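> Here is what each chain is made of, one letter per residue.
2 protein chains.
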Amino acid sequence: MTSISIIGAGNMAGAIASVLAKGGASVQIVAREADKAAEVAAAANGTSAVFGDALTGDIVVLAVPFAAVDDIKATYADALAGKVVVDITNPVDFGTFDGLVVPADSSAAAVIAEALPGAKVLKAFNTNFGATLATGLVDQTTTTVLVAGDDADAKQALIDAVVAGGLKAVDAGSLKRARELEAYGFLQITLAAAEKTSWTAGFALHA
Amino acid sequence: MTSISIIGAGNMAGAIASVLAKGGASVQIVAREADKAAEVAAAANGTSAVFGDALTGDIVVLAVPFAAVDDIKATYADALAGKVVVDITNPVDFGTFDGLVVPADSSAAAVIAEALPGAKVLKAFNTNFGATLATGLVDQTTTTVLVAGDDADAKQALIDAVVAGGLKAVDAGSLKRARELEAYGFLQITLAAAEKTSWTAGFALHA
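As given, the protein sequences belong to chains F and Y, one line each in that order.
Heads up: the first sequence begins at 1 in this note's numbering, then just goes up one per residue.
Heads up: the second sequence begins at 1 in this note's numbering, then just goes up one per residue.
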C-alpha cells in the first residue's frame with residue numbers, strides 16, 4: 001500500500017488527502033495544530049490525523065506555501081532524506097502579483113531539491129485549484145494532475161496513487177519542467193483573480 | 001472594419017486568417033511566395049492573397065517562426081511603426097527540446113518589442129494549436145485565445161476580432177505575461193510530442 005504523509009492542514013492538504021485516500025493509499029496528515037490536522041483527516045476518508053514531526057509516508061507532500069520551505073528544511077531535513085517529496089507550491093510574489101519570487105531560470109521545485117539533497121523531489125498539484133481536486137472535475141472534464149520529476153519510479157508511484165483516486169495524472173517531464181508548471185500555475189491564478197476563469201475551474205488538459 | 005495583415009503562409013497563418021475573416025475582418029496574407037499566399041487565402045474565406053512587402057493592415061500578425069524575427073525586422077521595421085504587431089511564436093530550443101532560446105527573464109514578445117520600438121506588440125495565439133483555431137474547439141470546449149500586451153486598445157481590438165470569428169479571447173495581462181504564455185505553449189508542445197495530449201487538443205480554459 002502506498003503510504004503518504006501530507007504536511008499542512010489547508011485547503012490543498014485536504015483536497016490532496018481526499019484524492020489519495022480514495023485511491024486506497026494510507027494517508028497521514030501532519031500539522032503543528034492537532035485540531036486542524038484532525039479536521040482535515042475527518043473530511044478525507046481513510047486518513048489518520050497525526051500531529052507532531054514523525055513522518056510515516058514514503059511519499060511526503062509539502063502542502064505548505066513556498067515561504068515555509070526554510071522552516072520545513074529546519075524541521076524535516078533528516079526525516080525527508082531518501083523520501084519522495086512533492087512540491088505543490090506556486091511561488092507567486094504576492095507583493096507585486098507580477099511574477100514569481102524564485103530566480104527566472106529556476107523554480108520552487110529546484111530550490112526545494114537543492115535544500116533537500118537527499119530527497120527525490122517531484123512537482124505536482126500546483127496546476128490544480130483545490131476545488132478541482134476535490135470534485136475531480138474542471139467543468140465537465142476529469143481533472144489532470146501534471147507531475148514533473150527526475151526520478152522515474154517516484155513519479156510513477158505518485159501518478160499511480162492519483163489515478164487510483166479517480167483523477168488523471170500525466171508525466172510532464174523532468175524536474176526542469178517545474179519552471180513551466182509554475183508559470184502555468186501563476187498564469188492560471190492571475191486569470192482567476194481577474195475573473196477570466198473561476199477558482200473552481202481553470203485550465204484542463206484534453207485528449 | 002478591422003484590417004489585418006498576416007505575414008506567413010503556414011498552418012498557423014491559415015488558421016488565424018480563417019478565424020479573423022470569419023469575423024468580418026479584412027485579411028491580407030503577405031508571403032514571399034505568391035502561390036503559397038494564394039493557397040492560404042483560398043482556404044480562408046474573405047482573405048486576399050497579396051505577395052510582396054506592402055502591409056495594409058492596422059494589425060499585423062507575425063505568423064512566422066521566432067528565428068525569422070531578424071528578417072522581419074530588416075524587411076518591415078519601418079512599415080510596422082505605429083501598428084499593432086501580434087507575436088504568436090513559441091521560441092522552443094528545438095536542438096535540446098528542453099527549454100526556450102530567449103533569456104529566462106524575458107520572452108520572444110519582449111525581444112520583438114525591443115526590435116520594433118514603434119510597434120504595439122501583443123502576444124497571442126501561441127497557446128493554441130492550429131487545429132483548435134480551425135475547428136474552434138478543444139475537445140468539446142470553445143477554443144480560447146489568450147492575449148497579453150501593454151496597449152489596452154490594441155489588445156481589445158484583437159480580442160474583438162477573435163470573438164467576432166467565433167472563438168473566445170481573454171485578456172491575459174501585460175506583455176510581461178508573455179513569459180508565462182510561452183512557458184505554457186512550450187509545456188503544451190512537450191505534452192503533445194510525448195502523446196499526453198494530441199495536436200488537435202491541448203489545454204482549454206474553462207469558465
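By construction, these hints were calculated from the structure, which means they are not laboratory data.
Fair warning: this is a prediction, and the values are worked out from it, not measured in the lab.
Incorrect hints may appear among the rest.
Copies of the same chain look alike in the list, so a pair counts if it works inside one copy or between any two.
Claimed, not checked - With a cut-off of at most 27 Å between alpha-carbon atoms, the simulated DSS-like pairs for lysine-lysine come out as follows: (1) Lys-22 - Lys-36; (2) Lys-196 - Lys-22; (3) Lys-22 - Lys-168; (4) Lys-73 - Lys-22; (5) Lys-196 - Lys-168; (6) Lys-73 - Lys-168; (7) Lys-196 - Lys-36; (8) Lys-73 - Lys-176.
> If the cut is 27 Å between Cα atoms, do Lys-22 and Lys-168 qualify within a copy, between copies, both or neither?
within (14 Å within a copy, 36 Å between copies)
> Taking 27 Å as the upper bound on the Cα-Cα distance, should Lys-73 and Lys-176 be classified as within, between, both, or neither?
Within one copy only: 21 Å inside, 32 Å across.
> For the identical chains here, do Lys-73 and Lys-168 meet the 27 Å Cα criterion within one copy, between copies, both, or neither?
Classified as neither: same-chain Cα gap 30 Å, cross-chain 44 Å, threshold 27 Å.
> One pair to classify: Lys-22 and Lys-36, alpha carbons no more than 27 Å apart. Within, between, both, or neither?
For Lys-22 and Lys-36, only the intra-copy Cα distance (20 Å) is at most 27 Å; the inter-copy one is 55 Å.
> Quick one: Lys-196 to Lys-36, C-alpha cut-off 27 Å, is that within a copy, between copies, both, or neither?
neither (32 Å within a copy, 37 Å between copies)
> Cα distance capped at 27 Å. Does Lys-196 pair with Lys-22 within a copy, between copies, both, or neither?
Answer is between; shortest inter-copy Cα gap is 24 Å, intra-copy 31 Å.
> Under a CA distance limit of 27 Å, which applies to Lys-196 and Lys-168: within one copy, between copies, both, or neither?
both (24 Å within a copy, 11 Å between copies)
> Please sort Lys-73 with Lys-22 into within, between, both or neither, judging by C-alpha distance up to 27 Å.
neither (29 Å within a copy, 56 Å between copies)
The earlier numbered hints that this structure contradicts are 4, 6, 7.
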